[in-house]
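A.B. asks: Here are the chains, one letter per residue:
2 protein chains.
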Amino acid sequence: MIAKTPTPPYYAVIFTSIGAQLDQDYQETSARMEELAQKEPGFLGLESARSKVGLTVSYWDSLDSIKHWKMNVEHELAREKGRSSWYQSFGIRISKVERDYFFEN
Amino acid sequence: MIAKTPTPPYYAVIFTSIGAQLDQDYQETSARMEELAQKEPGFLGLESARSKVGLTVSYWDSLDSIKHWKMNVEHELAREKGRSSWYQSFGIRISKVERDYFFEN
Numbered sequence: 001m002i003a004k005t006p007t008p009p010y011y012a013v014i015f016t017s018i019g020a021q022l023d024q025d026y027q028e029t030s031a032r033m034e035e036l037a038q039k040e041p042g043f044l045g046l047e048s049a050r051s052k053v054g055l056t057v058s059y060w061d062s063l064d065s066i067k068h069w070k071m072n073v074e075h076e077l078a079r080e081k082g083r084s085s086w087y088q089s090f091g092i093r094i095s096k097v098e099r100d101y102f103f104e105n
Numbered sequence: 001m002i003a004k005t006p007t008p009p010y011y012a013v014i015f016t017s018i019g020a021q022l023d024q025d026y027q028e029t030s031a032r033m034e035e036l037a038q039k040e041p042g043f044l045g046l047e048s049a050r051s052k053v054g055l056t057v058s059y060w061d062s063l064d065s066i067k068h069w070k071m072n073v074e075h076e077l078a079r080e081k082g083r084s085s086w087y088q089s090f091g092i093r094i095s096k097v098e099r100d101y102f103f104e105n
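Protein chains in written order, with the numbering used here: chain A, 1 to 105; chain B, 1 to 105.
Don't read these hints as lab results, they were simulated from the structure.
Beta carbons are placed, not taken as given, at the ideal position from N, Cα and C, and that holds for glycine.
Hints are supplied without guarantee of correctness; some may be wrong.
[As the list claims (entries may be wrong)] Footprint (simulated), chain A over chain B, 3 or more residues, beta carbon under 8 Å:
hint	stretch
1	28-36
2	51-57
3	64-76
[Said to hold, decoys possible] In silico contact screen, one side only, chain A against chain B (beta carbon under 10 Å); selected entries:
hint	residue
4	ILE2
5	THR5
6	THR16
7	ILE92
Start from the sequences, fold in the hints, and give me the full structure.
C.D. replies: This is how it looks when you write it as structure tokens:
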């Protein structure tokens, strides 16, 4: 559940959202997007949680892979629905992971 | 609740955790750490959510600010408690935000 990412550098897309109407259509589309992302070239992993805000961090091998996923047609349609229906607001941050550290008991 | 960060570049610390025993001491320390982080030089904001995993992303102006916060004594003690009691496992990723995009309805 903690993504098994390779040695840095790699990329993280941090998606933070506040929901307006996170209905069943949202839940289904969300699961579908996760399934699709996993098939994308350069996808490295995904972590997601929701409390007052939703946070989803996906990991990628390059900016090109992120761009390729952004252009996926189903993903484009989902983002449109996100803007028109599901989200009150959101932020997307594209970042380059320079260092990481993992701990396990 | 979506952090108001400045124009990139800036830094994001992505903390992903799986809890073992997230008791009241954890809740209090967690709130205290958030309060302390906000007083640190170079702190830009924080976003947090918990489902099966916990995700906390804090934003900073520089690697030096991140290092300074890491050396805070109360924070060091909290991390020790995290490793010995609260968490089953966690990952920390230090990343440089290169681009961002925000949407609001």
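A.B. asks: Measuring from the C-beta of ILE2 (chain A) to each C-beta in chain B, is the shortest one below 10 Å?
C.D. replies: 5 Å, holds
A.B. asks: Minimum Cβ distance from ILE92 (chain A) to chain B below 10 Å?
C.D. replies: 5 Å, holds
A.B. asks: For the stretch 64-76 of chain B, do three or more residues have a beta carbon lying closer than 8 Å to a beta carbon of chain A?
C.D. replies: Our answer is that it is violated, as 0 residues pass the Cβ test (under 8 Å) against chain A, missing three.
A.B. asks: Count residues of the stretch 51-57 of chain B with a Cβ under 8 Å from any Cβ of chain A, then say if the count reaches three.
C.D. replies: Holds, because 6 residues of the stretch 51-57 of chain B bring their Cβ atoms closer than 8 Å to Cβ atoms of chain A.
A.B. asks: Please verify that hint: THR16 (chain A), Cβ, nearest Cβ of chain B, below 10 Å or not.
C.D. replies: Interface hint status for THR16 (chain A): holds (5 Å vs cutoff 10 Å).
A.B. asks: Holds or violated: is there a CB of chain B closer than 10 Å to the CB of THR5 (chain A)?
C.D. replies: With Cβ-Cβ at 8 Å, under 10 Å, it holds.
A.B. asks: Are 3 or more residues of the stretch 28-36 of chain B near chain A, judged by a Cβ distance of less than 8 Å?
C.D. replies: violated (count 0)
Hints 1, 3 from the earlier list are contradicted by this structure; the remaining hints agree with it.
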